[in-house]
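Given the sequences, and given the hints that come with them, work out the whole structure.
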Amino acid sequence: MVKREDVGKNRAHCSKAYAQDLNPNVEVITEEGAVTEKNVDYLRNFDVVCCTETSTVEDLVRINTMCRDIGVKFFCGHVWGFHGYFFTDLVEHTYAQESSLPPHVWGFHGYFFTDLVEHTYAQETSLPPPKRNESLGPSAAKKSRTEDVAAVIKKTMTFVPLSRALQVKAGKSGTGLDKQTSSMFLWLHVLLRFHERRKAAPIVSDKDVLLQLRDEVAKDLDVDKARIKDELFDDIFGELGATCAVIGGILAQEIIKVASCKDAPMKNFFLFNGDECCGLQETVGR
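Numbers 1 to 286, taken from the UniProt record's numbering, label the letters of the sequence shown in order.
In case anyone wonders, no lab produced these hints; they're calculated from the structure.
C-beta atoms are modelled at their ideal positions from N, C-alpha and C, and glycine is treated no differently.
A few of these clues could be false.
Straight-line Cα separation of at most 20 Å, SDA-like style, residue types lysine to any residue; simulated pairs [as the list claims (entries may be wrong)]:
| no. | residue 1 | residue 2 |
| --- | --- | --- |
| 1 | K207 | D178 |
| 2 | K219 | A170 |
| 3 | K267 | S205 |
| 4 | K169 | Q212 |
Pair by pair, the computed Cβ-Cβ distance ranges are [to be verified]:
| no. | residue 1 | residue 2 | range |
| --- | --- | --- | --- |
| 5 | T30 | K199 | 37 to 47 Å |
| 6 | L280 | D208 | 37 to 47 Å |
| 7 | I203 | E98 | 24 to 34 Å |
Here you go:
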């Protein structure tokens, strides 16, 4: 989306033309300045806000809080080398979902069931016995309906803000971090804490600092530090294009899903481990 000669220029302005060509039917607008400087009145212009590469958790929490106050859906995410994540806070989200009803539920129609165990009946020799699943009665000439009937059902989900999700510590299953909680979520805490301290992404020489933060995070969350393996900090430097494509693609799909209010959204963390080429959903907080 940007060219080599664009190095040193505003990235949003340089990539605008390419982004516009992807969909000529929408208007792409670029602005200068840090998103952290925007106020709540600015955020009212949007239905969905997505933050990427925001340097600190404090900034993310501030934007998330403003979005919640005005009912705007909030997403944030980041990529570190082979790994990455995104978080969703949809406040209270209502969506439509198709549900297949069994063949016996058709409005005014229904069925009945009989179990005769052993049954003797009389019949004229000219008439064959009833066949299994044969339609009887006035509608016998009509073809039996066996296909499912689709019904649209409305459902509502409630979400927690980023600040509350990151405050969850070890505890009972369903309310706190337990043995089923992914080590990638614990790893995420370490990376977010690094950003909070350094106001920048880590580089290769920062691995020892990351391991120290790993021990600190494990103690604060009351989890075994062995669950956050050293290897998770080997391939986290820079932004790998393939990882950006995976996480960005799923994130964009979730935003479209939320904007269309169709089908259940993810709740509330998506974590991607590029070493294992595996993505998972982790629901944290109530």
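Now for the hints, and whether the structure bears them out:
no., hint, in the structure
1, K207 / D178, "violated (26 Å)"
2, K219 / A170, "holds (10 Å)"
3, K267 / S205, "violated (34 Å)"
4, K169 / Q212, "holds (19 Å)"
5, T30 / K199: 37 to 47 Å, "violated (24 Å)"
6, L280 / D208: 37 to 47 Å, "violated (28 Å)"
7, I203 / E98: 24 to 34 Å, "violated (48 Å)"
The structure fails hints 1, 3, 5, 6 and 7 (numbered hints given earlier, in ascending order).
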